[in-house]
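Undergrad: In case you want the letters, here they are:
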Amino acid sequence: MKSLLFWIPLLLVPAVVDNNVVLTILIFTFILGILAVSFNLIFGFTGQLSLFHAAAFGLSAYATYLSMAHWGVGFWLGMLVGIIFVTVISIVIGTICFRFKLRELYFAIVTLAFSELARLVVLNWSSFTNGTLGINFTVTPFLWMPGRGVVPVAGTMMWYYLSLTAVALTVFVYSRIVHSWMGRCFASIRLNDDLAETLGINVFRYKLISFVAGNAGAAVAGSLYAFYSSYIDPNYFSIDQSLAIIAMALLGGREFVAAPIVGALVLTALPHVIEVNAEARLLIYGLILILAILVMPRGIVGILAGRRRAA
Amino acid sequence: MLLEVRHLTKRFGGLTAVSDMSFELDDGDIVGIFGPNGSGKTTLLNLISGVYVPTEGQLVWRGRELTGSGPHEIAEAGIVKTFQNPQLFRELSVFENVAIAGHLRLKRQIGWRRAATLLPWYGAASADLSERIHHVLELCRLTPFRDQPAGSLSYGGEKMLGVAMALMCEPKLLLLDEPGSGLGQDDIRNLDEVLRDLRNHGMTLCVIDHRVGFLGNLADRAIVIHHGAKIAEGPPQEVLRNGAVIEAYLGHRHA
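Protein chains in written order, with the numbering used here: chain E, 24 to 334; chain Z, -4 to 250.
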């Protein structure tokens, strides 16, 4: 019930705010919110620092666009292709990492290596991906809406509600997982995986499920982000992007499913509040990360909630 | 026959921690494993529970070979172990610790339908373990602490929570690694009562301890190990009078 208080005002924002900049910031917040929330399933709830998240985001963006361009499928089917592609890749990478029981930094480094590998493939396979130049989109997704039939997804309003629905659904699905017996398995892995194993929990299986389910969320975010900004390039895979995702999760708070959205809002709005160039932005991310860890290790939402989380 | 340990050997590099160990456990047995510090008791338990893979030898569990299975597979087969130094999910409450340990119970109860309970139209009821959790907390005398963080328990409480979590797994065979070490008299009495309760419920127990008095009263059978090898086996009072055992504990002159 409390969560409704959070979502209803967001439904009403476009009725009150007639400022395109604000709405655009919110759209990016929602889409990057999906990315940060899904990252936090792996990082905050299961305790695995994955640096593959930006790559899952980028791979899905490319897979969606390329499947539309080459197979002529629609946007939603293209997104499904992106999700399936990312899922398969995640199963392979997850199996490699978790079979070898890579812990903490080793896992982070190996996922970073896979992420760089993906970036280099996209960068150098120019005939397919157009390399550094990236791809400008000319296609528009369509959406069936009750009462209005099939309409193009265009304009700020349309994207606002589409991205809001997507992020709300993401939060709903992950909440369902986190507050179930499966969430307890994730928590047991985060807190003491040796103990979890002796209690009969298949640590490998649940690490893999968490990794795949998190990356699938990144895939959804990737497709939406690509089509909202109508442009993809290898920067989707950059380490900056991975850092930004970590900063969002830490800043918002790791203990609550929806909290990283608050981090996404801060980091999306920040460059508009203070005008900075790209290099300075990295500096600010770094500073925020350090400050967040030092001053509020539980993040903005963690401080507001005041109480420790249940499971 | 519940468990058959056949010629179990574990070498760490040049060190032989457990050598050519063989014994059998029957349903309902209470077996005490004695031995001085460093004699290989904990290694033996870690071998049985799958934490270590034996260098040689076999574990046969109810007629099925278990050698080489991982700890979670062995736990699922029905062998659960508690740790000498309590291992807990310290940040979580006592209740949640036991709830996590309910994983196997849930798995046995509803199998793959677990996945369906994640669907939105599925109520939480089918995956509810709270009744069983209350029962286990009551049995281990932890009910007053159920909402406290596990990390805030006394040492005795932590050990008892370890037992509670193991019980929640509903093992056929419970391995207890020095459950009494570091406990005061009250906690020991409490533990003794809990273990007697379990015995009355027909659970098979395998308890390690070097505190001979406590274990001697509880166990039906004692196995004494020294330098990783079995040196005596039999009724506790008899075994503890055995010359080799006295020598292992107290040294040559006393034997």
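Hints in this document: simulated from the structure, not taken from any laboratory. Be aware that one or more of the hints could be misleading.
Among chain Z residues calculated to face chain E with C-beta under 8 angstroms, some are [as the list claims (entries may be wrong)]: (1) Gln82; (2) Ala94; (3) His98; (4) Ala111; (5) Thr112.
Glycine included, every Cβ here is placed at the ideal spot set by N, Cα and C.
Undergrad: Decide, hint by hint, whether the structure agrees.
TA: Hints, verified against the model:
1. Gln82: holds, 4 angstroms
2. Ala94: Holds: closest Cβ of chain E sits about 6 angstroms from Ala94(Z), inside 8 angstroms.
3. His98: holds, 5 angstroms
4. Ala111: violated, 11 angstroms
5. Thr112: Hint holds; Thr112(Z) Cβ to chain E Cβ min 6 angstroms, cut 8 angstroms.
In summary, the one numbered hint that this structure violates is 4.
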